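**Student:** Turn these sequences into a full structure, and let the hints steer you where they fit.
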Amino acid sequence: MLTDKDEAKALLPKVSSMIDKLARERIIHKNKAANLKSKLARQVNRMMAA
1 MLTDKDEAKA
11 LLPKVSSMID
21 KLARERIIHK
31 NKAANLKSKL
41 ARQVNRMMAA
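Numbering (my numbering), first residue to last: 1 to 50.
Note that these hints are calculated values from the structure, not bench results.
Quick caveat, the model's predicted, so the values are computed rather than measured.
Think of the CB as a built atom: it goes at the ideal place given N, C-alpha and C, for glycine as much as any other residue.
Do not take every clue at face value.
[Stated by the list, open to error] List of simulated lysine-lysine pairs, BS3-like, C-alpha gap at most 30 Å: (1) K5 to K21; (2) K21 to K32; (3) K9 to K21; (4) K32 to K5; (5) K5 to K37; (6) K9 to K32; (7) K9 to K37; (8) K37 to K21.
[Unchecked claim] Pair by pair, the computed Cβ-Cβ distance ranges are: (9) L22 to R46: 35 to 43 Å; (10) K5 to S38: 14 to 22 Å; (11) E25 to A50: 28 to 36 Å; (12) A49 to K14: 33 to 41 Å.
**Tutor:** Spelled out as structure tokens, the structure:
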């Protein structure tokens, strides 16, 4: 788990892209991908606010 706010913010687009690729290749369902990205974004936003 990351504790560096700037690093987490910088990695968010890269991780989101990786999740999208998994959904595109049907490794995970597209709704599952959306849920994962949403949870990840919420976590990063909470980290930035703290």
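**Student:** Within a Cα-Cα threshold of 30 Å, do K37 and K21 meet the stated pairing?
**Tutor:** It holds: about 12 Å lies between the C-alpha atoms, which stays within 30 Å.
**Student:** For the pair K5 and S38, does the Cβ-Cβ distance stay inside 14 to 22 Å?
**Tutor:** holds, 19 Å
**Student:** What's the verdict on K5 and K21, does the C-alpha distance respect the 30 Å limit or exceed it?
**Tutor:** holds, 25 Å
**Student:** Mind checking the alpha carbons of K9 and K32 for me, to see if they're no more than 30 Å apart?
**Tutor:** With Cα atoms ~21 Å apart, K9 and K32 stay inside 30 Å; holds.
**Student:** Under the criterion that the straight-line Cα-Cα distance not exceed 30 Å, is the pair K21, K32 satisfied?
**Tutor:** This hinted pair holds, its Cα atoms lying about 12 Å apart.
**Student:** Measure nothing beyond the straight line between the CA atoms of K9 and K37; if it is 30 Å or shorter, mark the hint as holding.
**Tutor:** holds, 13 Å
**Student:** Holds or violated: K5 with K37, Cα cutoff 30 Å?
**Tutor:** holds, 17 Å
**Student:** Given the hinted pair K32 and K5, is their alpha-carbon gap at most 30 Å?
**Tutor:** Distance ~25 Å between K32 and K5 Cα, so the pair holds.
**Student:** Can the restraint linking K9 and K21 be considered satisfied, given a maximum Cα separation of 30 Å?
**Tutor:** holds, 20 Å
**Student:** Taking 33 to 41 Å as the hint, is the beta-carbon distance of A49 and K14 inside that range?
**Tutor:** violated, 22 Å
**Student:** Does the beta carbon distance between E25 and A50 stay inside 28 to 36 Å, or does it fall outside?
**Tutor:** Since the Cβ atoms of E25 and A50 sit about 35 Å apart, the hinted range of 28 to 36 Å holds.
**Student:** Could you tell me whether the CB distance from L22 to R46 stays inside 35 to 43 Å?
**Tutor:** violated, 24 Å
Of the numbered hints stated above, those contradicted by the structure are hints 9 and 12, listed in ascending order.
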